[in-house]
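With these hints in hand, go ahead and build the complete structure from the sequences.
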Amino acid sequence: MKAPFVMIVDDEVPFVETISKRLVKRNVKLLKAFTGEECLEALQAHQNLDVVVLDVKMPGMDGIEALKAIKDKYPMVEVVMLTGHGTIETAIQGMKLGAHDYMMKPCDIDDLVAKIVEATEKKRAKEEKIRAAQSEEFLSRYEP
Amino acid sequence: MNQDKQARREISISFTRHIVLVVIIVSFTPMIVVSGIILDQYYTSYREKLYAHLNEMVHKHTQNIDGFLTERLNDIKFLSQTCGDDQLINESVLYEKLVLLQRNSGNVFEDLGIINEAGIQIAYAGPYKLEQAFYAEEEWFQEALQHQYYISDVFLGLRSRPHFIVSVRNVYQNERVLLRATINFEAFNALVENLRIGATGFAFIVNQKGKYQTRPHYDLIQNAPSYLQVIKKAEQKENGVYVGTVSDVFRNKDLIFLAAPLKNEDWMLVFQQEREDAYEDLKRTQIIAGIIIFVGALMIVLMNLFFFHKAVGRIAEADKAKEMMNRQVIETGKMASVGRLAAGIAHEINNPVAIMVEEAGWIDDLLNDGDFDECKNLDELKNSLKQINTQGKRCKDITHKLLSFARKTGSKLEQIQINDTIEEVIGLFDKSTYSRISFELNLAEELPPIYGSRTELQQVLLNLVNNAVYFLEKEGGTIRIATNFDNDNVFIVVEDNGPGIPKSNLERVFDPFFTTKPVGKGSGLGLAICYGIIKRRGGEITVSSAVDAGTSFEIRLPLGGQDQSSDNRPLPPESIPA
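Going line by line, the protein sequences match chains A and B.
When the first sequence is numbered by our numbering, its final residue is 144 and no position is left out of the sequence of numbers.
When the second sequence is numbered by our numbering, its final residue is 578 and no position is left out of the sequence of numbers.
What the hints contain is simulated information worked out from the structure, not anything from laboratory work.
Certain hints may be false.
[What the hints assert, rightly or not] Here are a few chain A residues that sit away from chain B, every Cβ distance over 12 Å (derived from the structure): (1) D72; (2) E118; (3) R141.
[Claimed, not checked] Footprint (simulated), chain B over chain A, 3 or more residues, beta carbon under 8 Å: (4) 16-30; (5) 103-111.
Virtual Cβ for every residue (Gly too), placed ideally from N, Cα, C.
Here's what the structure looks like:
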């Protein structure tokens, strides 16, 4: 499988830096963002992004607002919520808003990679399905 | 604690005393006032009735005595008018007339005599030898000579026996003569003596000089003249009867008297009675009333004491219940504060811990690249990284448990058969591993299901059984789990016969982070979580324990299964605390 293209969004800079390095090491193509706003800007530039790993509690635009915006503008992109224990309910709320799954900090890197892969596959499957549907529609137009 | 009890006891005693005193005063005052008024009315009425009765009696006796004297005088008048003095001078005729008079008036007349102006009895008929008796010096004779009709005072005279005479003055041979009849004193005295009331009430007659005209029942201590003066100063009723009281200083008695004038006010009929004797019936009534009041008062006091003792007992119970409730409120408040604090801390700690764990992971990644394979302490480094990971997970577990205690749960709510859940939990304990521990289940049949979270209930039961197992592991013992129910609640009791909890620790068992287990064996959150879960479901969890006897946890859960959390959304399995 082509390496998943992931953006990690968290206001905890050291956490983002370290986990990015670890994910890259595990064959994940990575973008970093430290706020919800940065995340949305990056998405605009990289619309082929597969998964956004999104922290829930951030200053300014928080995870839930960012999620709503992502799902509004880029519905194909899958989101994995990342949270401390205190905001677990918010994470669940996120799932209801369309997030693929959520993880709690501190998380095991392999579990996170597994979830990223799962989400990427889901996203790509969706894309494939849409593409197939579109080609079927296209072909049907030209069918004699 | 003892000082508190003592102070409460003192307050209770003082309260009882005050209330009883107030109630007694409030009850007694009207009772005493009403009793006093009734007794006073009764006394007044009794007194009036008594005096009216005595007055009537004295008045009637006065009329009787006056009637008796008038009748005797009329007898003599009649004799004088029907027989001339010349006939009566004949003693045999006089004797005949005496017999006739005695026959008609029942021996009231003792004798008859004719006395001339010189005071010589010229004719006599009677039992004494008084012929030619000389009366010129006698006071009664001189008085009689002055009056047409005359009744004398009582005197001893020549016969030396008390008697009195009635006389009619006539003129015979140009000389005044008296027809005299002696009245039998006993017959006259009987008229007065009959007037007896009670033990001390009697009557007597005195003349104006204060001399007794009848025999008094006993010698009066006051001499008659001064008595007469007292009488005359007393209140006089319409019918002429004097009514008053006098003190017999020698006998130390108060007397009541009633007196009425007789014989044209020459004599006075006096009735006297000791006041105590006269009021004997009143006194008896007063004693009975007093006994009734006393018994009533005693009953009021006893009933008051009894009821207030009970009331104070109930107040004390209510106080105790209130105090317990206050303690529960404080406890709940404390737990809620700890919960909020825990939630905050958990979040703030998880981020740095996550960074630490990630940094350790990154080092581990680098080490695994093989660049440091020749490093002498590579194994030590890897061990340290492993330890960082382990401790990071431990932090995660602790914050996770803290949040389980603090957070409103999102567990799925459903109908739960508690008995099944208990059996599932017991099934988790391998019989071969815990061979020294026996499990006894006493589960109520037809236990109604409750509405709640199965995982939460499992967690509570698991925590309680785990604790019991931990403390029984060394010495062995029995864990008993019982269930029961009533109309509103289901009860679960988890008890063991282990070492028990010292009293000093008993109040703290539900506090977060309170543990007696060694470091690393227990976080001190298990019972706090149980407490949080049961409270959220509207139930109660209580503990009782005695050192070396065992510990018992009792859980009450409402049948309705109220959920006090606002968020009932299902949680994924990761959110269920281990």
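E118 (chain A) clear of chain B by more than 12 Å, beta carbon to beta carbon?
holds, 14 Å
Using Cβ atoms and 12 Å as the threshold, tell me whether D72 (chain A) really stays out of contact range of chain B.
holds, 23 Å
Would you say the stretch 16-30 of chain A counts as covered by chain B, given the rule of at least 3 residues with C-beta under 8 Å?
Check passed, 5 qualifying residues.
Take a quick look at R141 (chain A) and tell me if its Cβ sits farther than 12 Å from every Cβ on chain B, holds or violated.
At about 44 Å from chain B, R141 (chain A) clears the 12 Å cut-off, so the statement holds.
Tell me whether the statement that chain B covers the stretch 103-111 of chain A is true, taking a Cβ distance below 8 Å and needing three residues at minimum.
Since three or more residues must qualify, the claim that chain B covers the stretch 103-111 of chain A holds, with 5 doing so at under 8 Å.
Comparing the model with each numbered hint stated earlier shows that all of them hold.
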